[in-house]
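S.K.: Fit chains L and A with the ligands to the supplied structure of chain D, relying on the hints for placement.
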Amino acid sequence: MTRKRDERARDRAMTGVFMAATVLTIGLLVYIVVYILQKGLHVVTPAFLLESPTEMGRAGGIYPAIIGTIAVTGLAILIAAPVGVATAVFLTEYTHESAVSRLIRFGTENLAGIPSIIFGLFGFLFFVIYLDLGWSIISGALTLAAMILPTIVRTSEEAIRAVPTAYREISYALGSTRWQTVTGAVLPSAVPGIVTGIILAVGRGIGETAAVIFTAGASLGIPASIFDPVRTLPVHFYILAREGISMENAYGTAAVLIVVILLINIGAYWAMNRFAAKSNV
Amino acid sequence: MRFKEKVIEKLLLVTALSAIGVLALIIIFIFKEGSPIMVKVGIPHFILGEKWSPSKGIFGILPMIVGSIWVTVGALVVGLPLGLGCAIFLAEMAPARAGMVLKPAVELLAGIPSVVYGFIGLVVLVPFIRNVLGGPGFSVLASAIVLGIMILPTITSISFDALKAVPKAYRDGMLALGATRWQTIRMVLLPAAKPGIVAAVILGMGRAIGETMAVIMVAGNATIIPTSILAPVRTLTSNIALEMGYAAGDHRQALFATGVILFVIIAILNLLARWVAAGRVSE
Amino acid sequence: MGNKVISPGEAGVAQAGQAQDGQPGFSRGMVGISNARGAGTNQAPPDIKVSIRELRFYYGKLEALKGITMDIRKNELLTIMGPSGSGKTTLLRSLNRLGDLIAGTSVSGQVLVDGKDIYGPGVDVAELRRRIGMVFALPVVLPMSIYDNVAYGPRKRGIKRRALLDEIVEQALRAAILWDEVKDRLRDHAGRLSGGQQQRLSIARVLAVQPEIIMLDEPTSGLDPISTLRIEELLHELVERYTVILVTHNPLQAARVGGDVAFFLLGELVERAPAGVIFTSPRDKRTEDYITGKFG
Ligand SMILES: Nc1ncnc2c1ncn2[C@@H]1O[C@H](COP(=O)(O)OP(=O)(O)O)[C@@H](O)[C@H]1O
Ligand SMILES: [Mg+2]
Chain D
1 MTRKRDERAR DRAMTGVFMA ATVLTIGLLV YIVVYILQKG LHVVTPAFLL ESPTEMGRAG
61 GIYPAIIGTI AVTGLAILIA APVGVATAVF LTEYTHESAV SRLIRFGTEN LAGIPSIIFG
121 LFGFLFFVIY LDLGWSIISG ALTLAAMILP TIVRTSEEAI RAVPTAYREI SYALGSTRWQ
181 TVTGAVLPSA VPGIVTGIIL AVGRGIGETA AVIFTAGASL GIPASIFDPV RTLPVHFYIL
241 AREGISMENA YGTAAVLIVV ILLINIGAYW AMNRFAAKSN V
Chain L
1001 MRFKEKVIEK LLLVTALSAI GVLALIIIFI FKEGSPIMVK VGIPHFILGE KWSPSKGIFG
1061 ILPMIVGSIW VTVGALVVGL PLGLGCAIFL AEMAPARAGM VLKPAVELLA GIPSVVYGFI
1121 GLVVLVPFIR NVLGGPGFSV LASAIVLGIM ILPTITSISF DALKAVPKAY RDGMLALGAT
1181 RWQTIRMVLL PAAKPGIVAA VILGMGRAIG ETMAVIMVAG NATIIPTSIL APVRTLTSNI
1241 ALEMGYAAGD HRQALFATGV ILFVIIAILN LLARWVAAGR VSE
Chain A
2001 MGNKVISPGE AGVAQAGQAQ DGQPGFSRGM VGISNARGAG TNQAPPDIKV SIRELRFYYG
2061 KLEALKGITM DIRKNELLTI MGPSGSGKTT LLRSLNRLGD LIAGTSVSGQ VLVDGKDIYG
2121 PGVDVAELRR RIGMVFALPV VLPMSIYDNV AYGPRKRGIK RRALLDEIVE QALRAAILWD
2181 EVKDRLRDHA GRLSGGQQQR LSIARVLAVQ PEIIMLDEPT SGLDPISTLR IEELLHELVE
2241 RYTVILVTHN PLQAARVGGD VAFFLLGELV ERAPAGVIFT SPRDKRTEDY ITGKFG
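Chains as they are written, first to last, in the numbering used here: chain D, 1 to 281; chain L, 1001 to 1283; chain A, 2001 to 2296.
Next comes chain D alone, as it looks inside the complex (with noise of 0.2 Å):
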């Protein structure tokens, strides 16, 4: 009886401990994000969003971080989405377990946890030195889509493997070949988890640093070329924060940040989830 007793209790106890631990976690995302807001928010006019920074960054706006983070991220998803996805499509579609499959799936996975400064390293030495590219949004691009290659991989297969195998039995049914299965059948009903997919990639890529700074560089400059070095906003503020030249200026460029980044995963969310009411009809 007493036993029972104590065992009840003792859950009551532990279910406020879970809770506790989920209201502490959720706690510290609102703190960091109401944090940034608050300190930073106020900075951001539309003349810094639009002007170039001066004297290194303490006075004037983040334009030109604003381009190079768009160039960087948005070059980074142009090369990084169509390998993955391809990838993601030759997986599911084109071969059964195989060692070619496998051989795929150990790179993807392990390309997965290698930490961005190793990206960062690789690109300096391969696109900005060997290939001789340099401090460049095209060194920085190739080098961020390296990195968020598994992340579009692996939410791309999770998508086409969630369509219904009837849709494809259907298609080749009728005659079909493979590729116009994949197109017809396929993707179109694929394409949803596949966004949701990108969309996340894009955030990781807008927020990444180590893997950047030493690939597209830290040029205030705006660039006329891909071929021209570029600051992104997470080196800016990196920059500005750990030398000290503006903390002011450092709250509003994360607070853009911040901003776009919840956007971002908004987006991503909202995507998934018409994903899944569509998939009802």
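Hints should not be assumed to be uniformly reliable.
Derived lysine-lysine pairs resembling DSS-like cross-links, with alpha carbons at most 27 Å apart [stated by the list, open to error]: (1) 1168(L) - 1103(L); (2) 1103(L) - 1194(L); (3) 2066(A) - 2285(A); (4) 1040(L) - 1051(L); (5) 1032(L) - 1051(L); (6) 1103(L) - 1164(L); (7) 1004(L) - 2160(A); (8) 4(D) - 1168(L); (9) 1006(L) - 2160(A).
Facing chain D, according to a computed beta carbon distance under 10 Å, are these residues of chain A, among others [as the list claims (entries may be wrong)]: (10) 2100; (11) 2126; (12) 2143; (13) 2144.
Source of the hints: derived by calculation from the structure; they are not laboratory data.
As the structure is a prediction and not an experimental result, all values here were calculated from the model.
Yeah, the Cβ is synthetic: ideal placement off N, Cα and C, and Gly gets one too.
M.R.: This is chains L and A with the ligands only, laid out in the frame that chain D set:
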């Protein structure tokens, strides 16, 4: 038509091999650049050397290895109970609708850029530690807390999946016997989900040991082996990022060699994770 | 027989590639069919459409078809009857080589369609599948409009012209006795149709690629009695123009539909006879047990 199909198939195959290709390139280039200096200094001297003094040509990275281990273990001490607690609450206790909102919120933590974590650590945590606990504030402790928070989403998300994967019958059986929820969790669910949780821990370690920008901002980065959790510390990753900007010659090679060591540690962790995921730890 | 794993890339594409030898250009379309007709018209008499010889089908080590030998005549309505797990679906999948898509499967024996072995070298698998249409057990529509479902096959065969597509879609829907019900809402999502309508849409989808043989795998298993009757009536219209193979586990349906009935059990063809004969005087005890409901 058939020709086109064949071409497409080959193109897809070649594209799909790019991940393994990039992996190979990374290994080749990092090792090629990093190994000569290790051979020159001698691998034992490099790994076990306690002095890092690039201007004098002395390259010992033991302080950084120890530093990485300290902060990674610290991150686990902070992140594991919190992350596992979250996972248990979300998987087993929270109403389904609350879980639908809370889990993405926890995962949103993974979306926040590491420089932002570092910055918050710098402006909030470091002064707090300095004022309340003493020392410079830039410390093992500050790094461990920041990293612990950063690995929360990894640990929560993977443990959550592991808990959810436990067959419902186990749960129902226990509850039908009159066990409380906590008894069910402790006696059935956690043991059954153990391989997944261990994998979560290993992956969390991988994230912590590989994190760079956040640690740089709160660790203090002194190249000495820390003797207390309030002492400053430099990790392998910070060592690379701090000095890459200006290093040349042997010094630069030594940074790539630091990368090699980091890479090897990560590879071992990955192997462990795979091994665990294959279910070989359950017994 | 070794476990020859048919990887999709090889089974479909590689063999198909050989057929290309010596064929300059790869004009899409009818290359395969002319091949199939042109090549050696073995022993088969002209009114035999499909000739199955010692066909064995394996899922890994599991032998799902244990040496089937059977002929199917042109414009015949053949019913394959048998309990679940007897290999009916597997037989259909091996006739249009849909089984190639499943990992770890292998085949031995021969299937001659118009005298040409469909597992032989130089077969255009996609073209073979077009000629041998298949309707699946559960009605499944592609997640697109009614029109696009029917136009799916023709479009993949390169038909782009709107007027022609319109005509094909209308004809196929008429032939599947669905036109009157959907002609005003061709742009609606096909998922809004009822189960019976979806199944007739599946049939229209197959008819739109002008097959020679139509195989229906338990097409009424998910349908109400009225929808079932409509499909059964439809079968009699189809058999005027196509060779029709119906799969059912239901002896009553086999009896209603008429034609020849082939009774399958555990991957074997137990016996085959006209419906009138098999239901009144089955030769094999197992057939008798099945149709009298002793098992299955
Ligand atoms: N994809 C598959 N993988 C492995 N075995 C299968 C597969 N499909 C069918 N089988 C097996 O093959 C045998 C015949 O199945 P099937 O042809 O589906 O029978 P039916 O259509 O008469 O119900 C059964 O024993 C079944 O379990
Ligand atoms: Mg079946």
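S.K.: If you check each hint against the structure, which ones fail?
M.R.: none
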